[in-house]
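Order-wise, the sequence lines are chains A and B. Position 76, counted from 1, in the first sequence is what the working numbering calls 76; the numbers after and before it change by one each time, with no gaps. Position 38, counted from 1, in the second sequence is what the working numbering calls 38; the numbers after and before it change by one each time, with no gaps.
Simulated from the structure, these hints should not be mistaken for laboratory data. Be a bit skeptical, because a hint or two may be false.
Unchecked claim - No farther apart than 20 Å at their CA atoms in a straight line, the calculated lysine to aspartate or glutamate pairs in the EDC-like style are these:
hint, chain 1, residue 1, chain 2, residue 2
1, A, K159, A, E141
2, A, K130, A, E120
3, A, K130, B, E57
4, A, K159, B, E72
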Amino acid sequence: MMSLALFYILAGLLVVAALTVVLQRNVVYCAMALIAALFLIALLFLTLHAPLIGVLQVLIYAGAIMVLFLFVIMLLSPSAMEQRRGWWSLGGVAALLLGATLIALMAGREPPEGPVPAIELFGSPEMVGKSLFTDFILPFEIVSVLLLVAIIGAVVLAKRGP
Amino acid sequence: MVPLDHYLVLSAMVFTIGVIGVLIRRNLIVLLMSIELMLNAVNLTFVTFSRFLGSIEGQVVVLFVMAVAAAEAVVGLAIIIAVFRHRQSLDPRELQLLKW
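Chain A with its partners taken away, still in its complex shape (with noise of 0.2 Å):
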């Protein structure tokens, strides 16, 4: 009873946040609120058993991409406010129907043969780390080369030109 209470406050206040991102028109109210989205995302990864996930969240997400956002902001100083469309309510309408759509399909599923008891290790570094070097080995050793590229990449298109 008590875990479904706060798994509620959790989504309330994430779906909060997830519309002040997207509603708010001063962008570095934007960024603050999708620092608070990762966090409360942060938590609920904790609330599944996966500790490692959730603090790698907070690491990667709210404190290595989003200093990245807002030094991208703060640097190029954009108006703070945008106009707003005139048609907007189209796209609205066209997301809304997506969002009922995926709603009514994931209401009411149940697992297949019910929610696995969580056994002691289930989510810890150790499981996870054993799971990544063996059978995630070579998307693992792509992965690096796919951040070496991002790296040259930022790095040549940031650049000043000639």
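Starting from the known structure of chain A, fit chain B onto it as the hints suggest.
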């Protein structure tokens, strides 16, 4: 324990909010932030199924999604900086050089 479909519906709602952001906003930086929101909604689904099916693979895939999202954000922001230098604007409507 919280039922499975609660997490799935929450994740669908956050994903939809991200789609709304991509469709109605006129600021390239907020567009990227909405994409991050959508990626996080999918991550939540992965972790939920990992918990309810008792298999750790879902959490490993989330690690890869995080790495790809970081690479995407870095390259996307670099492109935004390059675009801003040329046009002095972050409005995606201005990017119509290829339009006939």
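Going through the hints against the structure:
1. K159/A - E141/A: Given that 20 Å is the threshold and the Cα spacing comes to 28 Å, the pair is violated.
2. K130/A - E120/A: Within the cut-off at roughly 15 Å; holds.
3. K130/A - E57/B: 11 Å, holds
4. K159/A - E72/B: 18 Å, holds
The structure fails to meet hint 1 from the earlier list, while all remaining hints are met.
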